[in-house]
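Line order of the protein sequences matches chains A, B, C and D.
Here our numbering is used: the first residue of the first sequence is 1, the next is one more, and so on.
Here our numbering is used: the first residue of the second sequence is 1001, the next is one more, and so on.
Here our numbering is used: the first residue of the third sequence is 2001, the next is one more, and so on.
Here our numbering is used: the first residue of the fourth sequence is 3001, the next is one more, and so on.
The set of hints was computed from the structure by calculation and includes no laboratory data.
Worth double-checking, as some hints may not be accurate.
[Claimed, not checked] Label-pair distances were calculated between CB atoms; the ranges are: (1) C:Glu2301 x A:Asp265: 50 to 60 Å; (2) C:Arg2095 x B:Lys1212: 19 to 29 Å; (3) B:Gly1244 x D:Thr3016: 53 to 63 Å; (4) D:Ser3206 x B:Pro1197: 41 to 51 Å; (5) B:Asp1241 x C:Glu2301: 36 to 46 Å; (6) C:Arg2095 x B:Gly1244: 53 to 63 Å; (7) B:Pro1181 x A:Arg84: 39 to 49 Å; (8) D:Asp3140 x B:Gly1076: 19 to 29 Å; (9) A:Arg12 x B:Ser1010: 45 to 55 Å; (10) A:Thr166 x C:Ala2289: 25 to 35 Å; (11) B:Gly1076 x D:Glu3138: 32 to 42 Å; (12) A:Val8 x D:Gly3036: 34 to 44 Å.
[Said to hold, decoys possible] Capping the alpha-carbon separation at 20 Å, the derived lysine to any residue pairs in SDA-like fashion look like this: (13) A:Lys240 x D:Lys3057; (14) C:Lys2057 x B:Arg1084; (15) A:Lys86 x B:Arg1084; (16) B:Lys1099 x C:Arg2032; (17) B:Lys1130 x B:Glu1146; (18) D:Lys3057 x A:Asp92; (19) C:Lys2057 x B:Gly1242; (20) A:Lys99 x A:Glu26; (21) D:Lys3282 x A:Asp92; (22) D:Lys3057 x A:Pro197; (23) B:Lys1240 x C:Pro2080; (24) A:Lys86 x B:Lys1099; (25) A:Lys212 x A:Asn258; (26) B:Lys1002 x C:Lys2294; (27) D:Lys3057 x A:Lys212; (28) B:Lys1150 x C:His2054; (29) D:Lys3057 x A:Pro214; (30) A:Lys86 x B:Trp1264; (31) A:Lys240 x D:Thr3182; (32) C:Lys2057 x B:Lys1086; (33) A:Lys106 x A:Asp253; (34) B:Lys1240 x B:Asn1222; (35) C:Lys2057 x B:Leu1263; (36) A:Lys240 x D:Pro3055; (37) D:Lys3057 x A:Gly238; (38) B:Lys1002 x C:Pro2080; (39) D:Lys3057 x A:Ser186; (40) D:Lys3057 x A:Gly15.
Ideal placement from N, C-alpha and C gives every residue a C-beta, glycine not left out.
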Amino acid sequence: MKRVRAEVLSTRRLGAYHSLTLVAPEIAERARPGQFLAIAMPEGGDFLLRRHFSIHQTSRRGGWAGTIEFIVDPSGPGTERLARVKAHESLDVIGPLGKAFSYPKKLTNCLLIAEGRGAASLYFLAQELKARRKRVDMIVGAENFERVFKPIEGKRLSQTISILTTDGSLGDRGSVIDALPSMVESCGTDVIYASAPPETLEKIAAFCSDRKIPAQIAVEENFGCGLGLCFSCVVPVGRKDGSGYDNVRSCVDGPVFNPARVLWDRWLTDQPKMLPTPPEGLPVVRSWPG
Amino acid sequence: MKRVRAEVLSTRRLGAYHSLTLVAPEIAERARPGQFLAIAMPEGGDFLLRRHFSIHQTSRRGGWAGTIEFIVDPSGPGTERLARVKAHESLDVIGPLGKAFSYPKKLTNCLLIAEGRGAASLYFLAQELKARRKRVDMIVGAENFERVFKPIEGKRLSQTISILTTDGSLGDRGSVIDALPSMVESCGTDVIYASAPPETLEKIAAFCSDRKIPAQIAVEENFGCGLGLCFSCVVPVGRKDGSGYDNVRSCVDGPVFNPARVLWDRWLTDQPKMLPTPPEGLPVVRSWPG
Amino acid sequence: MAGVKRTIGVALDGLTLTTPVAIASGCAGTGRELAGLVDLHRVGAVVSRSITLHPRKGTRTPRIAESPSGVVWETGLQNPGIESFVAEELPRLARAQIPVIVSIAGTSMEEYVRLTSLLQNVAGVAALEVYLSGPDDELDREVMGSRPDRAAEIIGAVGRMSTVPVFAKLPALSTDLVEVATAVMRAGASGLTLLGPVPALGVNASRLRPELGAVTGYLSGPAVRPLVLRGVFEVSRAMPEVPIFAVGGVTTGEDAVEMLLAGAWAVQVGTATLVDPVAPVKIAQGIHAYLREKGLASPAEIRGRLRLPTASPSGEPG
Amino acid sequence: MAGVKRTIGVALDGLTLTTPVAIASGCAGTGRELAGLVDLHRVGAVVSRSITLHPRKGTRTPRIAESPSGVVWETGLQNPGIESFVAEELPRLARAQIPVIVSIAGTSMEEYVRLTSLLQNVAGVAALEVYLSGPDDELDREVMGSRPDRAAEIIGAVGRMSTVPVFAKLPALSTDLVEVATAVMRAGASGLTLLGPVPALGVNASRLRPELGAVTGYLSGPAVRPLVLRGVFEVSRAMPEVPIFAVGGVTTGEDAVEMLLAGAWAVQVGTATLVDPVAPVKIAQGIHAYLREKGLASPAEIRGRLRLPTASPSGEPG
Ligand SMILES: Cc1cc2nc3c(=O)[nH]c(=O)nc-3n(C[C@H](O)[C@H](O)[C@H](O)COP(=O)(O)OP(=O)(O)OC[C@H]3O[C@@H](n4cnc5c(N)ncnc54)[C@H](O)[C@@H]3O)c2cc1C
Ligand SMILES: Cc1cc2nc3c(=O)[nH]c(=O)nc-3n(C[C@H](O)[C@H](O)[C@H](O)COP(=O)(O)OP(=O)(O)OC[C@H]3O[C@@H](n4cnc5c(N)ncnc54)[C@H](O)[C@@H]3O)c2cc1C
Ligand SMILES: Cc1cc2nc3c(=O)[nH]c(=O)nc-3n(C[C@H](O)[C@H](O)[C@H](O)COP(=O)(O)O)c2cc1C
Ligand SMILES: Cc1cc2nc3c(=O)[nH]c(=O)nc-3n(C[C@H](O)[C@H](O)[C@H](O)COP(=O)(O)O)c2cc1C
Ligand code: FES
Ligand code: FES
């Protein structure tokens, strides 16, 4: 892991997303799919913490300085600010961070499931899998066509691909889960990789456990540091010996996990349910336990 | 007093200072010398309060939209930020605020004393006095030539002018106080106007009181609002009936005051003395009263 | 939701506001200045600067400085004293026909009693707000109202004499805020203003001196909002029926909604008013827009409605 | 001033640091992470996360969110428990050969006593920091150490048993911080860490929910600096001889100098370390640069040297 002040080589819009390419040879050399970068916010705004981005692409070719590309989904004040960063500015970057996806030794038919910006790391993974002569199939989903990440690249990288959008504006109408059984069937899937919002990951985990398909998923949690210092980013993971679970830091022990070991109920439920609009009569919360 | 979102028409550097000209006809119409503007900081920085600037110049000519010019002395984070504002940006401005200098009815020979950025409002005053057929003389001082505000304009506006710098890089070496007695003598000064740091104003006040010369000064204090809402900006001013003093708000009852009524000892002393470098052994402050 | 009749008015035990956004104490001038800066009819209420029995000149300057997302200030409660206030400032404040809440500050029980008696049946006073963050000269303590017994004693006396609702503005640094809140409500307060200003110090490193002439002061502005939210949340959980003004760091409609969700009935706006005198109006509009977006009819419908996890939120043993 | 022999080391009653900048509790990982991120020999000390008697899994996520110039967080003191800490984490933290201050957190007197006994004569422990901001299960109070008597009782017991210096990290919201500070010093503390984390709540208005899984949490970062400065100033004025670590919002060398001027002997850096693990080194360099500019030889020469007005700073009667 390296810390550098990296020049922004180029930026471009990709539908709803913004791609930033940094000159960072030392990071590019080490980066593997599933790992992420911790980017300090440019000065002058009221941002404190770093923001974290999956590594989408590296280039170490020829005589050129190695570069690294990541994808910004402008979904809050910090990511909106970073989407406005221009070429030739420089950013304070730490990376590569976290555990990467591991490649299957024996199994060959890989199904990659990406929702929204989750495709950024999975396309990188697809390349590496193909370089290892694995078969790659994909399910790529999003709310609408603007949020389907580089569909043409997806097609190029995969043997077969199923694209779905919630509003049907690209591919089939539906979610990645809808295509899962038939894709697994038709592709003869041996192993599944996924990067998606937690609710989708939970469903994929249930499916894989049902069908006994080995899988790896990349999760997101609110990070304080991304460096293993603060224990902000934990995910409940069952111990190997079956004797309970630990809250492990997704920034150093993840973000890639075996979904079979994540305690989904504990991680996702008992959080207040977030309905898009409140029901007619909001429940009055009267007692305050503990 | 008006509140407008004003476009920045132009900006330029003037030695150490930056001049900003705003399109603000409603403010320009009303502005008089000694009054000030309250400028909201552009968004995106960690600035809360408005910054305050003397009005340097207005133009209401012909068919053009009225404009208003002020001078930024980049002396802290907020003024440094404003010095970087570019033409065509817009600023949220309230003005004109505060009491203006008043013009003498009978007396004719006016001496204007400006130190550093203080010249901004006094040049505006000089114009108005000349328009009223008063004689204007000036003493303009600063640390160095870069901080002497528009010396050529000063010469144009005054019958006689004395320019002084602390380092002697322009005009005589010294402070405005050094030139005061001889200028008053040679110009037959009837009335004095001054805008300068408080220590200089105190000396001018003592001089005027000694020589019984009527005077008006413009002061600066840390402003919370500049609008009369918060009582942050008070200056101790003796009551007319001699029965003590009041802490009056310099933003609404000033910034122009009669120096004879300011309680200088109370305003300036009993504040910790600010030495540029600490003495060899700093005094240990042991007891903490109250 | 079409057809919902939407109001942002709010009734706080005898004090009715047309918008749940008031201007906080010490940030409303003398009744002369605001009229030219904002359409006061669109402001829920104005709290006067804190008024003492005798005139006070206040502390030395500088009285205000910036800090990260905040300001550090101390005016020393400069004010003309209750008599001059009632004669001159109050009628001007009351002229706009919006509720005027008079903030009173004493350094002893006697002073609070005399202040209250001088405000009995005075026209133009909609409510009293009792400042309790100043020193207690009688008991020789730094803060008048940070202990439940003393706070209750003062509020009890004021409440018994007052002819209008009484809000207690509780000191920010209390060992047990909820206890103090409970005690003053039992003693007869109509409601609470949470929190009082947060004690603070600004230091200018390059000049080796305090930022303020008074040396120490108080922290206001967005920086303190999470601290205020916690105070409002804890008190409103303990006493959901108590009207609460939340004050500290409210700058936007969204900030105000956060306070309402945490349990506030209305908010007060200080620092943001100094920066933008129209802020209290914009904040009310922001609340209205939020209600419209969520299809809700009034601020009361989000009050205290923060969605909480169903299980215990405390840390679990390993 | 040429020829001044300049040091930024500092001695705090039995704890000697090569720079007056330590990494604050909860922001130093498990002893494995920092070594790759910063040259630890240039950091004054490391405070461990708060260790409890039994392992703790901590609270639900999210555990951190941003607020104006700050962060709101709650981890629920996730830690492996004292035994596992001593066996695994401590040796790793101690490997860098810089002082390791172990933070201990209990919910009863018994827990503090057992924690201290398990740390007696343990190699690699330079000092203890006693976390007092958690709940007191024994007395059924929300905060262990915000009352002088209880805080003194705990610190007294820890101090009597400890084989290394003991620093008390005092809760941020106390009715009388100076009283608590005085009580714990009398009870045998070696020094103080001021302030403990500031209780706070983050609210997400658009989702109508708290920002944190634990609902309430603590506010850290630059936002709290003026509050911490005031605490440090008041306590150091009352007891200038007491070593004080200032913690809260220190991000730059200038921030650290402010704390020293207010009366701190050294600072701890939490949030800024999360953002930039090299911050503690840069801050020490900043202090050094300041001393050089002012021609001073050591941090002790600015400690508490804020220049104050000679007259009483309080408000004057009118
Ligand atoms: C391992 C990992 C990889 C990621 N990869 C990408 C990516 O490739 N592209 C992309 O656009 N985004 C990615 N994210 C999410 C991205 O980090 C957050 O969207 C971003 O931090 C939100 O910041 P904000 O200021 O825009 O939004 P806000 O929601 O306002 O964020 C406020 C605070 O919460 C934290 N936060 C909020 N949401 C998240 C989140 N989902 N993950 C982590 N911290 C969060 C922020 O860091 C910040 O401190 C990734 C997150 C993680 C953990
Ligand atoms: C009536 C009046 C007229 C002024 N005219 C001019 C002018 O024409 N040109 C110019 O460059 N400056 C002028 N100033 C001073 C200018 O307002 C301050 O220099 C500026 O506010 C400092 O902000 P800062 O962020 O750069 O510095 P900082 O010192 O970091 O300011 C921090 C805070 O202190 C306040 N503050 C600090 N110094 C002053 C000060 N001297 N006056 C008021 N507030 C202060 C700021 O408003 C801010 O809230 C005037 C001030 C007043 C009161
Ligand atoms: C300049 C200034 C003066 C104030 N004077 C008073 C006062 O006299 N009485 C009072 O109770 N609060 C006073 N306050 C505190 C405010 O009423 C309010 O509680 C605090 O500023 C927090 O709100 P804010 O973040 O919206 O400013 C003052 C605040 C400021 C900034
Ligand atoms: C994520 C996080 C975890 C923390 N954990 C602890 C802890 O276990 N024990 C403790 O005493 N303080 C803990 N703190 C508080 C810090 O030690 C420090 O007191 C506080 O953050 C203020 O300093 P800062 O502004 O430099 O962060 C934690 C702070 C953060 C941000
Ligand atoms: S984000 Fe800080 S430990 Fe993972
Ligand atoms: S600056 Fe607020 S009253 Fe003058």
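Each hint, compared with the structure:
Remark: the range hint 50 to 60 Å for glutamate 2301 (chain C) to aspartate 265 (chain A) is contradicted by a beta-carbon distance near 31 Å. For the pair arginine 2095 (chain C) and lysine 1212 (chain B), the supplied restraint of 19 to 29 Å is violated, since their beta-carbon distance comes to about 43 Å. Hint check: glycine 1244 (chain B) to threonine 3016 (chain D), Cβ distance near 56 Å, so the stated range 53 to 63 Å holds. At about 49 Å, the beta-carbon gap between serine 3206 (chain D) and proline 1197 (chain B) stays in the expected band of 41 to 51 Å.
Between aspartate 1241 (chain B) and glutamate 2301 (chain C) the beta carbons are some 57 Å apart, a value that contradicts the proposed interval 36 to 46 Å. One distance hint, 53 to 63 Å for the beta-carbon pair arginine 2095 (chain C) and glycine 1244 (chain B), is violated here, with the actual separation near 29 Å. A hinted range of 39 to 49 Å is violated for the C-beta pair proline 1181 (chain B) and arginine 84 (chain A), which are about 58 Å apart. Here the CB-CB span from aspartate 3140 (chain D) to glycine 1076 (chain B) is close to 50 Å, at odds with the stated 19 to 29 Å.
Separated by about 35 Å at the C-beta atoms, arginine 12 (chain A) and serine 1010 (chain B) break the suggested range of 45 to 55 Å. A hinted range of 25 to 35 Å holds for the C-beta pair threonine 166 (chain A) and alanine 2289 (chain C), which are about 26 Å apart. Under the hint 32 to 42 Å, the C-beta atoms of glycine 1076 (chain B) and glutamate 3138 (chain D), about 51 Å apart, miss the expected range. Roughly 25 Å separates the CB atoms of valine 8 (chain A) and glycine 3036 (chain D), a value that falls outside the hinted 34 to 44 Å.
Of the pairs offered as hints, the one joining lysine 240 (chain A) and lysine 3057 (chain D) holds, with about 17 Å between alpha carbons and a cut-off of 20 Å not exceeded. For a cut-off of 20 Å, the pair hint linking lysine 2057 (chain C) to arginine 1084 (chain B) is broken: about 39 Å separates their Cα positions. Between lysine 86 (chain A) and arginine 1084 (chain B) the alpha-carbon distance is near 19 Å, which keeps this suggested pair within the 20 Å criterion. Restraint check for lysine 1099 (chain B) and arginine 2032 (chain C): the C-alpha separation of about 15 Å stays at or below 20 Å, so the hint holds.
Annotation: proposed proximity of lysine 1130 (chain B) to glutamate 1146 (chain B) is violated, straight-line Cα distance about 27 Å (limit 20 Å). Taken as a hint, the lysine 3057 (chain D) and aspartate 92 (chain A) pair is broken in the structure, with Cα atoms around 33 Å apart against an allowance of 20 Å. Restraint check for lysine 2057 (chain C) and glycine 1242 (chain B): the C-alpha separation of about 16 Å stays at or below 20 Å, so the hint holds. Of the supplied pair hints, the one linking lysine 99 (chain A) and glutamate 26 (chain A) holds, its CA atoms being roughly 17 Å apart against a limit of 20 Å.
Of the supplied pair hints, the one linking lysine 3282 (chain D) and aspartate 92 (chain A) holds, its CA atoms being roughly 15 Å apart against a limit of 20 Å. For the hint pairing lysine 3057 (chain D) with proline 197 (chain A), the CA-to-CA distance comes to about 24 Å; that exceeds 20 Å, so the pair is violated. With a CA separation close to 17 Å, the supplied pair lysine 1240 (chain B) and proline 2080 (chain C) stays within the 20 Å bound. Restraint check for lysine 86 (chain A) and lysine 1099 (chain B): the C-alpha separation of about 46 Å exceeds 20 Å, so the hint is violated.
The straight-line distance between the Cα atoms of lysine 212 (chain A) and asparagine 258 (chain A) is roughly 12 Å, inside the 20 Å bound, and the hint therefore holds. Under the criterion of a C-alpha separation no larger than 20 Å, the hint pairing lysine 1002 (chain B) with lysine 2294 (chain C) is inconsistent with the structure, at around 36 Å. In summary, the hint linking lysine 3057 (chain D) to lysine 212 (chain A) is not supported, as the alpha carbons are separated by about 29 Å, beyond the 20 Å threshold. Annotation: proposed proximity of lysine 1150 (chain B) to histidine 2054 (chain C) is violated, straight-line Cα distance about 49 Å (limit 20 Å).
The hinted pair formed by lysine 3057 (chain D) and proline 214 (chain A) fails the criterion: a straight-line CA distance of about 28 Å is larger than 20 Å. For the hint pairing lysine 86 (chain A) with tryptophan 1264 (chain B), the CA-to-CA distance comes to about 53 Å; that exceeds 20 Å, so the pair is violated. Annotation: proposed proximity of lysine 240 (chain A) to threonine 3182 (chain D) is violated, straight-line Cα distance about 50 Å (limit 20 Å). Distance hint between lysine 2057 (chain C) and lysine 1086 (chain B) is unfulfilled; the C-alpha atoms sit about 42 Å from each other, more than 20 Å.
Annotation: proposed proximity of lysine 106 (chain A) to aspartate 253 (chain A) is violated, straight-line Cα distance about 24 Å (limit 20 Å). Distance check on the hinted pair: lysine 1240 (chain B) and asparagine 1222 (chain B) sit about 25 Å apart at the alpha-carbon level, beyond 20 Å; violated. Our distance criterion of 20 Å between C-alpha atoms is met by lysine 2057 (chain C) and leucine 1263 (chain B), whose separation comes to about 14 Å. A threshold of 20 Å between alpha carbons decides the hint, and for lysine 240 (chain A) with proline 3055 (chain D) the separation of about 18 Å falls inside it, so the pair holds.
The suggested pairing of lysine 3057 (chain D) with glycine 238 (chain A) holds, with an alpha-carbon distance near 13 Å, which does not exceed 20 Å. Between the alpha carbons of lysine 1002 (chain B) and proline 2080 (chain C) the distance comes to roughly 29 Å, so the proposed pair goes past 20 Å and is violated. Restraint check for lysine 3057 (chain D) and serine 186 (chain A): not satisfied, since their Cα atoms lie roughly 42 Å apart, outside the 20 Å limit. At roughly 41 Å between alpha-carbon atoms, lysine 3057 (chain D) and glycine 15 (chain A) are farther apart than 20 Å, so this suggested pair is violated.
In terms of the numbered hints stated before, the structure departs from hints 1, 2, 5, 6, 7, 8, 9, 11, 12, 14, 17, 18, 22, 24, 26, 27, 28, 29, 30, 31, 32, 33, 34, 38, 39, 40, listed from lowest to highest.
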